[in-house]
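Colleague: Here is how the chains run, residue by residue.
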Amino acid sequence: MAVTFEKTREAKSFYSGRWLKFLRDNASIILIYTIILLVIGIAAVFNENFRSPSNLVNIFRQSIILGLIAIGQSVVALTGGLDMSVAQVARIVGLTVATIFAAEGSNPDLIIPLIFLGLLIGMAIGLFNGIIITRTHANPFIITLGIASILRGINLAISSTPIRGIPKAYLLIYDFKIGIIPVNVLVMALIWVIAYIFTTRTRTGRAFFAVGGSERVARLSAISYNRTLVVAHTFCSVCAALTGLFLLARTGVGDPSAAEGMDFQSIVAVALGGISLYGGRGSMIGTLGGVLLLATLSNVFNLLQVNIYYQQLFLGLIVLITVAAYKSPRAA
Amino acid sequence: MTNVSNNVPSDTVILSLKHIEKSFGGIHALSDVSFDLRAGEIHALVGENGAGKSTLIKIVTGAYTPDAGEIQINGSVYKSLDPTQARNLGIAAVYQEFNLLPELSVAENISLGAQPLGRFRLIDKKARSALAYELLERLGAHTHIDPDEVVKRLTVGEQQLVEIAKALAINARILIMDEPSAILPSRDLDRLFTVIRNLRDEGRGIIYISHRLNEIFELADRVTVLKDGQTMATKNVADTNHAELVSLMVGRPLTDMYPPKDNTPGEILLEVRDLCVEGTVYHVNFNVRAGEVVGLAGLGGSGRTTVCRALVALADVRSGEIIYRGKPAPRSPAAAAQAGLVLVPEDRKTYGLVLNQSMRFNLSLPNLSQFSLMGILHSAKEKGTIYKIIKNLQIKPPVPDISTENLSGGNQQKVVVGKWLLANPKLVIFDEPTRGIDVGAKAEIYMRIRELTRQGVGVIMASSELPELIGMCDRILVFYEGRLSGEIPREQFSEEAIMRLATGVKVNEE
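Chains as they are written, first to last, in our numbering: chain A, 1 to 332; chain B, 1001 to 1510.
Please keep in mind that the hints were generated in silico from the structure rather than gathered at the bench.
Warning: the hint list may mix true and false statements.
To be verified - Chain B stretches covered by chain A per the calculated footprint, using a threshold of three residues with CB under 8 Å from any CB of chain A: (1) 1315-1323; (2) 1351-1357; (3) 1366-1378.
A quick note: this is a predicted structure, and the numbers were derived from the prediction, not measured.
Ideal Cβ placement from N, Cα and C applies to all residues, glycine included.
Between the sequences and the hints, there should be enough to build the whole structure, so can you do that?
Modeller: This is the structure we're talking about:
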């Protein structure tokens, strides 16, 4: 069937411009991976420490936390929203799990149940976000900002000082390595693959793009808007909860300032990766690129001992430049 | 109604359009239009939907650049205008959609372009209100519109007067009124007419667009008929009549692009009982049988489109019942689509396609369950089906991955139709199925509609193109001002019969 089509004149003239079209359609992805390679190349030439294999693995490790949150954020961004509560979700999961560990005398038997509890908390918050958004039909950005504020209050009530008493065994979920590959990198890779398949090969994934591209068309095409948004927000919050669990394992204490700034950074990564903040456009490959670029830059900055304030400033500049560069061609 | 105007317009031509042409993407919107407007006359512009009235207006206000022809204003010749230039030449338009800021006051809106400044170059609010008062007074509206009132608290009729006052504020010599009566309750009409007559008597030229022929005979001095982007005639209103205008507006030969009727209506699929939609549709009753094509005719604002939207729960039904296959119709568009009750909407770019996505994405969208198992898409199966429908409908270029925004209008419409053909619908509502598409694509779509009816699918076809209704339908329901003004059986089809019902002409007036 396909062969007969590609023989027709129109198809031929179309496919003759195929390479150009491929470049144009994937410009943002090609661009970001080129930049990553450039940054790595330049840093590797000028900085000896950078090019050590352990540092390169380090870049991946450093990208786990942001990566998980950004994968969730990508799904919400595809539907045309943004989730501003991700950092607080990660934090409430970490604090809750830490509090229970502390109360139960660091009992390692609780590790598995508490991991499930953490994920359940994320799921519940995501469901709640999705339901409120579809019921009120308000802007997801505003709703999740409100939820974030509520969660921030709860987090402060749980603890304003670091919580100790995490069992040693729990820390392994962050530190354990198979060969030189840290298991957390594998977890992120797995989640990424799931998200990739989810967005490209499932009905629900199509629905994300449809709702983000045009809510009206989606509704008229037998796509359930409510269900789609609820699924997207739940997925996003579960990713954030997973991030919270990893953060707890990384620091070894229940940190009341965990995941600070992650909501903003995840949006930066998503936008850098070429997912339209207006919804309906983009891919997980782009998000991965955005995350890797931010992780590489942060690694380079640390090696060069650039002041954290300048890093912050730089992040802001990246956002402005990205948004300007990806300005929708249809905006006019 | 007889012509009550005894105005004698001057001979001074203030606006003259000569042989204007304009096309969009290969489709001629205007192919040869000439039109002139004298000082002190009300010149009506009539024509069916798609005849080119809006395009013409947009050329005069500078929104569009004509491809050929010239524009003369007060003796100067222009190839084209831009909006600022048009404004400075004293051209103003009052559209159906007002250009007012609802949260600001009447005076603020009127002076929006040029606020009167006082001491320290601050806005002089008193002068602003005084100016607004003065302009409203000239319209005789100062008694009931307070210059300091917020615009959103005014009625539609009052807002319209504020729009006219804005035109006076720039001292417009040429005022274009785009279907001003369509949005107005009838009690406000007399006041509007008085205002328009007064403006004419001050020596302004007024272009008045309306679908309601009665108004033209009551108000206008001359009338120009457009059809298919050409000027058919310009007449003194005193020298013409309803019948002549209607035949000038329609009266084009039927072509053989309509496949022969080969369907037999079956059982009743849809029953609409006493349907009312707030402010637009009143007490409408009809039914649709399987395998039948029911036409909905009616001019813009007649409620035709609203009925289509109400059937798939896109418009809020105030009262009445919609019975679909023996049960109350689903109350959400998604549920309706799942039940096989489908709308192919008028505006394909807003309601039909996710434009930035590929043809494949759009064709698959309502049919994902066919291509998936437990929510996972089977992409080979999807591709096979998509290829088949693309070939079947001859969509060009036949490339599933092409973004739909890069397709021509006709091919975009084929994608919208195609996605529903795949979905095995029971009842399809086509709203303006062939608007803005070329003849070849039209014929293709008519063939698909016949194919659907052969399979026992019920079809509702709402259209402002009378030949297509006549060529395709089993019977035609005509809407006028939100009500069903009549039903025409196939034996009695004629453009005149439809236009008579659609323009509210009573039989005894002929």
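Colleague: Does each hint fit the structure? Answer for all of them.
Modeller: Going down the list of hints, with the structure as the test:
no.: 1; hint: 1315-1323; result: violated (count 0)
no.: 2; hint: 1351-1357; result: holds (count 7)
no.: 3; hint: 1366-1378; result: holds (count 7)
Going down the numbered hints, you'll see the structure goes against just number 1.
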